[in-house]
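Trainee: Using the sequences and the hints, build the whole thing.
As you go down the protein sequences, you meet chains A and B in turn. Its first residue numbered 491, the first sequence is counted upward by one per residue in our numbering. Its first residue numbered 385, the second sequence is counted upward by one per residue in our numbering.
Quick caveat, the hints were computed from the structure, so don't treat them as lab data. Please note: incorrect hints may appear among the correct ones.
Said to hold, decoys possible - Sample of chain B residues at the chain A side, in silico, Cβ under 7 Å:
id, residue
1, P397
2, N398
3, Q416
4, I418
For every residue, glycine included, the Cβ atom is placed at its ideal position computed from N, Cα and C.
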Amino acid sequence: MKSLGIGIDFGTTNSIAAVWGGDVTRILQEQKEALRPIAFWHQDANLGNRPHPSIVWYKPDDSVTVGFEARRNMQELSEALGHTFVRSIKRSLNAPEVVHGGRKRHPYEIAAEIFSHVRKHGEANPVLHGHKFQYCVVTVPVGFTGQQRRQIRRAMERAGLSLQTFVHEPFAAMVAHFYHPETKLGVLRGKRVLVFDWGGGTLDVCLAEGANDGSTLYELAHDGIADHAGDDFDRRIMADLRGRFLGRNPLITNDDIMNRCRAQDRFWINAELGKIELSREENVRVRVPNFLDGNPPIDLSETLRRADFEEMIRHEVDAAVACTLRCLDQARLKPSSIDYVVLVGGTSQIPMIRHRLEEVFGAKVQSTFEPDAAIARGAAIVAAEQWTAVNAVTLGCLMAHETFFPLLKRGEELVASSSKKYVFYCTDPRDGTANFIFCKQPLAGDSSVIPFADILQIPIRTDRPAQYRDLDRLLVRSSVSPDATLLVDVTHTGMGQSRQYEISDVSFGLKLT
Amino acid sequence: MKQNLLANVAVKPNVWCAHDVLDPDDTPYFLQEIIPGDLLVEFLRTRDVRTLRSTLTTRQQVEYQQSRFFQHHGQKGLAFEDL
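Mentor: Listed below in structure tokens is the structure:
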């Protein structure tokens, strides 16, 4: 181990940091605990070790509270004047600004409060004695765009943190699941792993392969669904419970709930807790005292059955399985070619999902240890081992005659770099534009490419050149941005016009040596 | 970052860079084999069959022939001449 490494899982519903390296191994050995990264849990007397809720509470005096305290007070104060609670800000990172409580804020400012809370909580832990909580590896969903990653980096900087590198969330979870302090990721030599990470905000599926010599670990393919995850299931449960409540109380209307319900946030929290409990029990009673204002106030108390819940989410589970098969298809693999399937994230603990995946993959399906912290632990391992993030899928552009020109090759480091320059020529000026179609070459040793949906067109001279040596020259500069995206800048050398293109769909790999 | 987003429908790439050449000189001879045959014929300023056969690649000859057959009505061309 080279140094102390910090990893942060900035989640839609919960966030958590973990630490590995430095003195952590010695501390764990002294405490006779298993050798794995230490997660900075919120320790709750009733709930046990829990990650920090990604809830930000803005108070009337402009002070800010994040995490469990915000969540607890949200039940009572969400409707109180001057108090604003922001949940799931990770979903709004693409927005230029969001309005909460009549006040506009940039999403990264709100996200920075969560990072700041995680940092302060970590700094208070004696494990970090003498070390700075600053450089860290942060995980992102597979579908995050360059803009979203940029917002995360800005949020980190605002919170006093520095980004070591980004890693995809399921990839980090896989590292945590298979890591051993002695053999590192030796168990993955020549093996293929599929990680199914379904949390509160997104479903991320990632297929990875370890090199036979143990030198690298590459993502072969990734896919995901951004719209259907744990938070949406909570809302569906709430709608179901609300419907039953109305059925049981025929004199109450939907408008009454809209106008008289002062417990929407409490309702949401209890519905979520009921959903979590349904993974262990067949039936769960969801209670919300003082659900409706009145004299006397009316409570909500409904039973939620696992069978009903499974029926509610059947279509989403079908879509998740289809997404998994699509990921295999991208890599041209069959379920039988996969050695391990790892389940990560709270939603993947729903028994129905495990059964559906076992139907496809058989007995290879396994749950990771403490799924709420697996991603942060994997990020901490990457940070401590100082493994370099590398590009796993060659990115480039199509040239005339459908020839592929690589701009960022498989195995190149994914760190902010100086730009590489290439001189391109427009081979056919008769359209009036030079057309750049960017694409990825997903399989090593296979020339087939997948073009990205958008193309970059740059105007060229309208007067026809006299000979082919006079065709328009285009200077192409490509570089890896600090947000782990590939930036391509195309400049017409004669006309001086330039256009930029950003490729966010980068697959991660790790150089393990 | 602002991107020039256009639907990728029936647009063909028309750029070329010599592989592994970071800064080619000002005489890109490799382009002669890459550009469409009908465009190269324009640059050569000749329709001499022997010259075209010796200069154009097989693919460019096909492209040149096809361009002659698919010229629009009323355009000047050499539609039914042999190469």
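Trainee: Checking against the hints above, which ones are violated?
Mentor: Hints that this structure does not satisfy do not exist here, as all of them hold.
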